[in-house]
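Novice: Each chain, letter by letter, is given below.
2 protein chains.
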Amino acid sequence: MPSDLEIARQAFLKPIDDIAARLGLPPGVVEPYGHHVGKIPLEAIEQLAERPRARYVVVSAITPTPLGEGKTTTSVGLAQGFHHIGRTATVALRQPSMGPTLGIKGGAAGGGWSQVVPMERINLHLTGDIHAVTAAHNLLAAVVDNHLIQRDGVPMDPARVAWRRVVDINDRALRNVVIGLGGPENGIPRETGFEITAASEVMAILALADSLEDLRRRLGRIVVAWTRDGEPVTADDLKVAGAMAVMLKEAIKPNLMQTLENTPALIHAGPFGNIAHGNSSILADRIGIHGGDFLVTEAGFGADMGAERFFNIKCRASGMTPDAAVLVATVRGLKLHSGRHRVVAGRPLPSGMLRESPEDVAAGADNLRKQIENIRLHGVSPVVAINAFPGDYPSEHAVIREVAEAMGARVAVCTHVRDGGAGAAELAEAVAEAAEEPGDFRFLYAAGTPLEGKIECIAREVYGADGIDPSALARRQLKEFTAQGYGELPVCIAKTHLSLSSDPALRGAPRGWRMPVREVRLSAGAGFVYALCGDIRTMPGLGAQPAAAAMDLDAEGRIHGLF
Amino acid sequence: MPSDLEIARQAFLKPIDDIAARLGLPPGVVEPYGHHVGKIPLEAIEQLAERPRARYVVVSAITPTPLGEGKTTTSVGLAQGFHHIGRTATVALRQPSMGPTLGIKGGAAGGGWSQVVPMERINLHLTGDIHAVTAAHNLLAAVVDNHLIQRDGVPMDPARVAWRRVVDINDRALRNVVIGLGGPENGIPRETGFEITAASEVMAILALADSLEDLRRRLGRIVVAWTRDGEPVTADDLKVAGAMAVMLKEAIKPNLMQTLENTPALIHAGPFGNIAHGNSSILADRIGIHGGDFLVTEAGFGADMGAERFFNIKCRASGMTPDAAVLVATVRGLKLHSGRHRVVAGRPLPSGMLRESPEDVAAGADNLRKQIENIRLHGVSPVVAINAFPGDYPSEHAVIREVAEAMGARVAVCTHVRDGGAGAAELAEAVAEAAEEPGDFRFLYAAGTPLEGKIECIAREVYGADGIDPSALARRQLKEFTAQGYGELPVCIAKTHLSLSSDPALRGAPRGWRMPVREVRLSAGAGFVYALCGDIRTMPGLGAQPAAAAMDLDAEGRIHGLF
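Chains as they are written, first to last, in our numbering: chain C, 1 to 563; chain W, 1001 to 1563.
Calculated directly from the structure, the hints in this document are not laboratory data. Where hints are given, some of them may not hold.
Label pairs and their computed distance ranges (CB to CB) [as the list claims (entries may be wrong)]:
| id | chain 1 | residue 1 | chain 2 | residue 2 | range |
| --- | --- | --- | --- | --- | --- |
| 1 | C | G230 | W | G1543 | 25 to 31 angstroms |
| 2 | W | D1469 | C | E556 | 48 to 54 angstroms |
| 3 | W | R1511 | C | E556 | 43 to 49 angstroms |
Below, in silico cross-link-like pairs of lysine to any residue (SDA-like), each with a Cα-Cα straight-line distance of 25 angstroms or less [stated by the list, open to error]:
| id | chain 1 | residue 1 | chain 2 | residue 2 |
| --- | --- | --- | --- | --- |
| 4 | W | K1239 | C | A345 |
| 5 | C | K14 | W | R1558 |
| 6 | C | K239 | W | R1558 |
| 7 | C | K239 | W | K1014 |
| 8 | W | K1479 | W | G1448 |
| 9 | W | K1014 | C | P26 |
| 10 | C | K239 | W | G1557 |
| 11 | W | K1249 | C | H560 |
| 12 | W | K1014 | W | G1543 |
| 13 | W | K1239 | C | G561 |
| 14 | C | K14 | C | H35 |
| 15 | W | K1479 | W | L1498 |
| 16 | C | K239 | W | K1239 |
| 17 | C | K249 | C | E261 |
| 18 | C | K14 | W | V1029 |
Calculated from the model, a selection of chain W residues having no Cβ within reach of chain C, i.e. all distances over 10 angstroms [as the list claims (entries may be wrong)]:
| id | residue |
| --- | --- |
| 19 | E1031 |
| 20 | E1250 |
| 21 | D1552 |
C-beta: ideal position from N, C-alpha, C; glycine also.
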């Protein structure tokens, strides 16, 4: 099979106005940004409001393994697949972060015959939205440090500045830094650090805002520090949220691209799945929801993480509710969840994993069962997508099918990576059926539940924990946030994505464990409180052989080494 | 008079393809980036090669004062002015840095009726070129620190890493930092700092490259550190220059915009005038040089800085030579150069300066004389543009006219800020005449002159110094750079822009002084050596009332507070 880049280069791309027409947008509405990429002005939302509402489908997965389950390729393949059963669809994805693209994993725009193109654009700067987030975030940081030295600055406790800086590069040396050295002209020396831009609260805000005014208000509510009396200091207190909104005026417009089969693809915002909600933007979904028969939107990581936050954070903010949820599962992933195999990144798969073994798949199936249950908890119809790999055996697919059907879930085998949309036609049929079922969507918890109760609810109901163990610090923070009026916010659990539990080593569906809550932080602008349950990295590093080392231009100026 | 923003909003903008047509580019060549902005692919250079060559006019100024002489407005006004005398023209400008826009000075796209529009675009992200430079620069930095901790990394002396990080925000707290804290997983602790992106060598490279291949080669030559044996370590040694070129693939395309009178404006690259050459890009000039009868290009700061580097660095790299040079002068500036007045930023002008006083102008005129001489040193015809302000007196203009004419320079009064291109028609006539004179362009020094000799030559001939006093460190560095094969490079003097001398307090045309050379640094990729002669800031700070504090969006989502 040719490489992703080779396939992407052979694609026959349509003019962006033709793609916009499929969304119902007349020519000239979309603002072109180079070839085959456009930005959709927010006025389009009102222009499209009279069109029928699409069925809203969220794509999530079993608990991910280092092998990757193919959530993005399945989202793209499914959207393409609808066209093969005579229906129309749009796919909404997050913008990939450039740091990891240059660091370890290469591109992130789908794969094989299910990709968003042009892949060079989506994997590099696209239209600059992530850069705008970086700049707005770092302006706020500069203003914070400036207030610390200005005589009439807003009084903040330098030891209680929560706002760090961001950069969209994997740069481990910036994780922990001391700034403000060199004398009083150069700031107040203090310890801080950098995170990757995807982890910025500004990015989470961009993804959750439902209008430019809402973006402006949310930016103003960001809490950057506390005074010595323990009062929160906001971006509005520092008079910088207006300038931040000015800087994000173009970034708020969702980007329009296309798949290899010319299906409209909305690419917008890329909040980190570790500490933020990890879903693409509400504004993109509000446009795509009138863009045909189906809108396919992706939620990061497993259903316990991305889909739970989709339901309880994103849907709460948007007022939109899903009609079906896809759970991507792989034979390899479930074999790993059996706990019988070990893989190491960069090494070939152990031979034991390549052997035909429906038993191993069955031994790991509890993870799939729990994730199906996690969809059902929210009253949504689950559809299991078996993302087929060349080395799979029919007997192994049969096990997944049995497990899913025993839970009453629809199931389909798909080969969209090799076959494009045609390989996802069966999945599209199953999703179409599931979406026709009468909906019974419900949030997992009420806004009025105390913060600690919300965390415990997710831990017990979704992760399968016996309870939570907040540290003294976490308890104090929960109390403070509640007293300061943030108690009605939903919660976002920052835990490992590699296990249903908070221990990355535990496979399957762990039982008999309690979740530690180390610390709780506030994203008042984004509108959630997040609980750190384990060791969460917010700045990746580069390996010994970064992906960037393989990248170059050839004599014709074409990109090589971007996968 | 309405504000710049109000004027800009009332502008009647033409479609970008109409502007491209004025440059000789057929429809569809320019890649649109949002409304009224486009990128010009480099293939256009060959497509335009058969068209006649325009007269090439560089715009510089007397030594700047805190009041501003209006170099950008005059460049824009002059380009507009040509149309009022029946000629066609294009203007090439640097992209303004967002840091200062949000920090102290507001927008930087001309002023009054001589602006580049849309001003919101040029003053904010434009097409993301500066962000791409930031990202490429910081990728290299991350790779440097990564090599310091990888077992098989390229060996570098951590104490001799020259490559810092950049951000396009005025952030004084990042001037001096310690990074790599938190244990061996997080890098090696070391002292470093951040500069504003305009000061990045990558930005200088973007401005000096004459093709994508040349950009790639220059990136590879960047020296980031030295080994313990004193050998230079380059970006190519670290295998990262290819990825950097990939990241700059779109940024290398010049941006096309228009003036308020629909004159084509090429906006590309923004190298810092303090430590780099401070000129817009060679590629923009190579496109604009076939874009009509005249190409007006701006050189930063006074003629001793921007124009000297234009002649000896940019023209040397491009092979293009100018036909005329404009020197912008103001009554207020020359009054300040008399040394008889003092102004303080943010305070009203002293009443003594507002009084009619041709004597004060005459007392400051030595600065203008020396700058005229600096143009002549390179064999180019100077034209003095008197940028008229409302409070000027005809007797004061007359003094400037006499001084210029006594030196044999053409001179014109211009009112382009108030009157648009019509106010620069007289200047356009004078420039057209000067450009018709037979050219006698020459470099100030030969490439073969030793580095120290080059520095001394500029100090004596252009700045009027009696000689130079290199420190022991500077002497050792000059010797090392020469031994390592960098002796043929031109030099860029990093000194204050506020005086012809290296002492910012000295006005007029100081004599009887020697220039200290504190340190010498290498920009091997950009292709020059720069000498630090005084205290040069490469990261501005925010004031007590940053410009950002006044910016916001109104209810219609329009920007306010961007000047």
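Novice: Given the hint that K239(C) pairs with R1558(W), does the C-alpha gap stay at or below 25 angstroms?
Specialist: 18 angstroms, holds
Novice: How does the Cβ-Cβ distance of R1511(W) and E556(C) compare with 43 to 49 angstroms: does it lie in that range?
Specialist: 56 angstroms, violated
Novice: Below or equal to 25 angstroms on CA atoms is what counts here, so check K249(C) against E261(C).
Specialist: Violated. K249(C) to E261(C) sits at ~31 angstroms, over the 25 angstroms cutoff.
Novice: Under the criterion that the straight-line Cα-Cα distance not exceed 25 angstroms, is the pair K1239(W), G561(C) satisfied?
Specialist: Distance of about 12 angstroms is within 25 angstroms: holds.
Novice: Given the hint that K239(C) pairs with K1239(W), test it: the Cα-Cα distance must not exceed 25 angstroms.
Specialist: 43 angstroms, violated
Novice: Just checking, E1250(W) versus chain C, shortest CB gap more than 10 angstroms?
Specialist: E1250(W) not clear of chain C: closest Cβ-Cβ about 7 angstroms, inside 10 angstroms.
Novice: Is the hinted pair K1014(W) and G1543(W) satisfied, with a Cα-Cα distance of at most 25 angstroms?
Specialist: 38 angstroms, violated
Novice: Take the C-beta atom of G230(C) and the C-beta atom of G1543(W), compute their distance, and say whether it sits inside 25 to 31 angstroms.
Specialist: 29 angstroms, holds
Novice: What's the verdict on K14(C) and V1029(W), does the C-alpha distance respect the 25 angstroms limit or exceed it?
Specialist: 17 angstroms, holds
Novice: Within 25 angstroms, alpha carbon to alpha carbon, are K239(C) and K1014(W)?
Specialist: Violated. K239(C) to K1014(W) sits at ~36 angstroms, over the 25 angstroms cutoff.
Novice: Minimum C-beta separation from D1552(W) to chain C exceeding 10 angstroms: can you confirm that?
Specialist: 3 angstroms, violated
Novice: Does K14(C) pair with H35(C) here, judged by a C-alpha cut-off of 25 angstroms?
Specialist: Cα-Cα ~10 angstroms, so holds.
The structure is inconsistent with the numbered hints 3, 5, 7, 12, 15, 16, 17, 19, 20 and 21, although it conforms to all the rest.
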